Amino acid sequence: MRVSSLILSTNTLAGIQNEQAAIAKLSQKIASGQAVTAPKDDPVRASRILELTDRIALREQYLANQDKARLTLSYQQTVLGQMRKVLEHARGILMGVAPTHDEALRQQFSDLIRADYDQLKGLANTRDPSGNYIFSGHKTSTPPYTHTQVAPDDDANPNTAATSGAATYHGDGGVREIEIDAGRTIQVNDHLDVVFKAGAADDLLQALDQAAIDLRETPGGLLTQADIDTGIAKINAALDRLGMIERRIAAAQLEVADTQATTRALLNEERNALGALVELDQAAAIIELQRRQVTLEAAQRAYARIAGLSLFNYL
Amino acid sequence: MASGILGIGITGLNAALAAVRTTQHNIANANTPGFHRQGVQLAANPPAYSGAGFLGNGVAIATVTRLYSQFLDNELMRSQGQQARYEVYSAHAGQLDRVLGDKDSGLASALSSFFATVQEVANDPTSMAAREAMLAAGRNLVGRMNNLGATLAAMSANINGELAGIADQANGYLRRIADLNDRIALQQAMGGNPPNDLIDQREQLTAELNKLIDVTVLRGGDGSYNLYLGGGQPLLSGNQPNPLGVATDPTDSSLKVLTLSVGGATLTLDEMRITGGRAGGLLALRKEVLLPAMQELGRIAIGLARAFNGVHSTGFALDGSTTGLNFFVQPALRNFAAVAGTASVTTNLTNPALLRTDDYTLSYDGTNYTLTRSSDGFVYAEPTLAALSTAVSLGEGFGFSVTGSIAAGDHYVLRNHMADGAGSLAIHTDVLAQPGRIAAASVAGAPGDGSNALALAQLQTQPYLAGGTATFNAAYGMIVGRTANLASEADIGRAAYDTLARQALENQQALSGVNLDEEAANLIRFQQAYQAAARAMQVASTLLDELLAIGR
Chain B
1 MRVSSLILST NTLAGIQNEQ AAIAKLSQKI ASGQAVTAPK DDPVRASRIL
51 ELTDRIALRE QYLANQDKAR LTLSYQQTVL GQMRKVLEHA RGILMGVAPT
101 HDEALRQQFS DLIRADYDQL KGLANTRDPS GNYIFSGHKT STPPYTHTQV
151 APDDDANPNT AATSGAATYH GDGGVREIEI DAGRTIQVND HLDVVFKAGA
201 ADDLLQALDQ AAIDLRETPG GLLTQADIDT GIAKINAALD RLGMIERRIA
251 AAQLEVADTQ ATTRALLNEE RNALGALVEL DQAAAIIELQ RRQVTLEAAQ
301 RAYARIAGLS LFNYL
Chain L
1 MASGILGIGI TGLNAALAAV RTTQHNIANA NTPGFHRQGV QLAANPPAYS
51 GAGFLGNGVA IATVTRLYSQ FLDNELMRSQ GQQARYEVYS AHAGQLDRVL
101 GDKDSGLASA LSSFFATVQE VANDPTSMAA REAMLAAGRN LVGRMNNLGA
151 TLAAMSANIN GELAGIADQA NGYLRRIADL NDRIALQQAM GGNPPNDLID
201 QREQLTAELN KLIDVTVLRG GDGSYNLYLG GGQPLLSGNQ PNPLGVATDP
251 TDSSLKVLTL SVGGATLTLD EMRITGGRAG GLLALRKEVL LPAMQELGRI
301 AIGLARAFNG VHSTGFALDG STTGLNFFVQ PALRNFAAVA GTASVTTNLT
351 NPALLRTDDY TLSYDGTNYT LTRSSDGFVY AEPTLAALST AVSLGEGFGF
401 SVTGSIAAGD HYVLRNHMAD GAGSLAIHTD VLAQPGRIAA ASVAGAPGDG
451 SNALALAQLQ TQPYLAGGTA TFNAAYGMIV GRTANLASEA DIGRAAYDTL
501 ARQALENQQA LSGVNLDEEA ANLIRFQQAY QAAARAMQVA STLLDELLAI
551 GR
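Protein chains in written order, with the numbering used here: chain B, 1 to 315; chain L, 1 to 552.
Keep in mind the hints are simulated off the structure, nothing from the lab.
Mixed in with the good hints, there may be bad ones.
Just the calculated beta-carbon pair ranges, DEER-fashion [claimed, not checked]:
{"#": "1", "chain 1": "L", "residue 1": "N14", "chain 2": "B", "residue 2": "Y314", "range": "24 to 32 Å"}
{"#": "2", "chain 1": "L", "residue 1": "R273", "chain 2": "B", "residue 2": "Y314", "range": "52 to 60 Å"}
{"#": "3", "chain 1": "L", "residue 1": "S253", "chain 2": "B", "residue 2": "D258", "range": "53 to 61 Å"}
{"#": "4", "chain 1": "B", "residue 1": "I30", "chain 2": "L", "residue 2": "Q434", "range": "28 to 36 Å"}
{"#": "5", "chain 1": "L", "residue 1": "S253", "chain 2": "B", "residue 2": "A284", "range": "48 to 56 Å"}
{"#": "6", "chain 1": "B", "residue 1": "R2", "chain 2": "L", "residue 2": "I5", "range": "36 to 44 Å"}
{"#": "7", "chain 1": "L", "residue 1": "A189", "chain 2": "B", "residue 2": "Y314", "range": "39 to 47 Å"}
{"#": "8", "chain 1": "B", "residue 1": "G275", "chain 2": "L", "residue 2": "D102", "range": "54 to 62 Å"}
{"#": "9", "chain 1": "L", "residue 1": "R176", "chain 2": "B", "residue 2": "G33", "range": "48 to 56 Å"}
{"#": "10", "chain 1": "B", "residue 1": "T10", "chain 2": "L", "residue 2": "A332", "range": "50 to 58 Å"}
Derived pair list, reagent style BS3-like, types lysine-lysine, alpha-carbon separation capped at 27 Å [what the hints assert, rightly or not]:
{"#": "11", "chain 1": "L", "residue 1": "K287", "chain 2": "L", "residue 2": "K103"}
{"#": "12", "chain 1": "B", "residue 1": "K68", "chain 2": "B", "residue 2": "K121"}
{"#": "13", "chain 1": "L", "residue 1": "K103", "chain 2": "B", "residue 2": "K25"}
{"#": "14", "chain 1": "B", "residue 1": "K85", "chain 2": "B", "residue 2": "K121"}
{"#": "15", "chain 1": "B", "residue 1": "K29", "chain 2": "L", "residue 2": "K103"}
{"#": "16", "chain 1": "B", "residue 1": "K139", "chain 2": "B", "residue 2": "K68"}
So these bits of chain L aren't anywhere near chain B, every CB distance computed over 10 Å [claimed, not checked]:
{"#": "17", "residue": "G172"}
{"#": "18", "residue": "G263"}
{"#": "19", "residue": "R306"}
{"#": "20", "residue": "R356"}
{"#": "21", "residue": "D358"}
{"#": "22", "residue": "D359"}
{"#": "23", "residue": "T390"}
{"#": "24", "residue": "A391"}
{"#": "25", "residue": "G445"}
{"#": "26", "residue": "A446"}
{"#": "27", "residue": "N473"}
{"#": "28", "residue": "Y476"}
{"#": "29", "residue": "A487"}
{"#": "30", "residue": "L511"}
{"#": "31", "residue": "E518"}
Since the model is a prediction, treat every value here as computed from it, not as a measurement.
Every residue gets a Cβ at the ideal spot worked out from N, C-alpha and C, and that includes glycine.
Work out the full structure, taking the sequences as your base and the hints as a guide.
Here's what the structure looks like:
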């Protein structure tokens, strides 16, 4: 075939340009460590990368949500555990006291019950680290419980029967939920009034206050064993109900932990898959780069040789 | 004289000189685009009769030909036209592909981060830090969306400008070709021989024109040379060019279309019939890649705003009482363009989940109002506009209202109705710079209630768009995937036509190209011919001297 001088030089040039373009692309890949520098280089892979990246971002958010749920639940668990201790302590005192004990001893017991009452009320009005009342339902800026303490009622006439008033609950029944997986939420607060029964017949704060008052009253006259027994019964009932909440929280913690284990495992799989898609096979890329460099050099040498070829050199 | 022995020598000298001159011309034009190498066609002169038979009379230059194959040149022109088409297509598609797929300019990460901050508000609705973070992520999302919308709109405006430039440049070529047509006809009439270099120039200009917009060349038997567009419209007849131009698309005022002025009338060129050259590439890119991407991106913005506001407006702000607040400014759909008619037809968004990336035509035949979907020709027909609007809103996600009256035969077109969506998404002034007004609570007076924020966060995983088949992230992923596929196809097409054009050039050059070594060899050959002819004349001269010597 006849070859024109134009083709002789441009063909080699095209080869050089192709190799240079390929080398530029390869060095970009090697420098960035990314197998796909533009989606069009591999549309299928790019779509998978995008989808996986979205999924990983979402899963990381669920992981953060699970941590938040775990923290919130364990915070509540700790507070409830403290309440249990306080109630058990109060119950122990009441069980150890009798109307026949002398006044000084009973006053000491009364003071201990009063301390328990204070601690319990404080726990019921616990705030989380962000300053939200954890037992107010959705009204997290409102302290949930108010109760006017009557004890010690050291008034002029110790023979008058003082009566503690009912506690008031200012929160609502709002349930707070955190999404721990797609479409799966977990309840992270509990309705404490199940235990405290503010305003009801077995109002816990009222019962403790009343017990502290009763222990200071005149034996034989106003303080009876029945009063003490009522106090113990109310505390026992409250402990039972507290147990229900504690069991729910334990189950919820378990669920969060289980979900988190699954999320972690899947996240790990997805990160590996993404890594395999995104990351460049450096060794293969470098070998290809070397191969292309050799081809480029050969094309350049060929061009130099061809450029020097001319019959005019011999005329 | 010609029959004389000196005369024969002179014919040889002349022929050799002409051949040397042509060789020099070839060498000089070795790098001239469109040049076809030329050759001197020699023929023996008619012989002189003598009693002993015919005696030769030397050589004559019959003509100078150019080495040309219409088939090879056509192949080259066609493949270069397609090469130009794919080159511009792949360059623009690649740009779009990078913009959409880039981690820093794309939407994917902005969407994910935004929803993550919504989750944080759901987890901790009283935290001002979480609310601030959600507003910031919202601003970032809106910024990315606006930026993408603006980039795509700028690409569309660039294409408009490029089309105008192509029309200008093509008109320049057409004028020069018309001028050459005149000169070639004149010169051919004068001598009967083809003016090779002018013909080369004309072919070259036509090839350049074909790289702008695909043309068909019709050569008449009388030497006429006419150009037509792909759709059969006459671009040039004789020395009369019909100028190309651009005009605003009557169905979408943001787009320019190519026009052709024929005898005072201006025709709009059908973009489906322009299949080659840069113009073909730009029009195809706009139709296949750019406008669908603008539509789909707009749909995400419109859908996101509607879905988010729908949940947000039912919730309560941190103050526990303010409700009915929007989070995003709802981007609107475009309105119908009146292609024939005087009424104004405005659209209203009804259900973003039903929105399609499609075009619609509204018309009236005197009995029924009809709305036709272009992609599949589906027709909604109702006797009243109100009934039609209702039917359309149930199927296509938007209704419309008409001011003025629609007459029989009118038609109104709705094209790229979601294309402005991405550019007009914004954070609503209801919540702008007021993180406390994010409606995280579902009920009044419950600051710790994050259930509405949770409902907002769950929109991330809800397949909301495209008839409830795609989440916002998935819808964006589809745009990226679609663009990447088209860009990759264009790259493959470009590589294929690069090769084809190179092969066509190789084939054409094998016949018509200049080979300098060959010309060098020719120079030597013709130099020797010249030397031989000169020597023959010298011999003739000595013969005459001999004769003269006898007489002395």
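| If you check each hint against the structure, which ones fail? | Numbers 4, 8, 25, 26, 27, 28, 29, 30, 31 - these are the hints that the structure violates, sorted from lowest upward.
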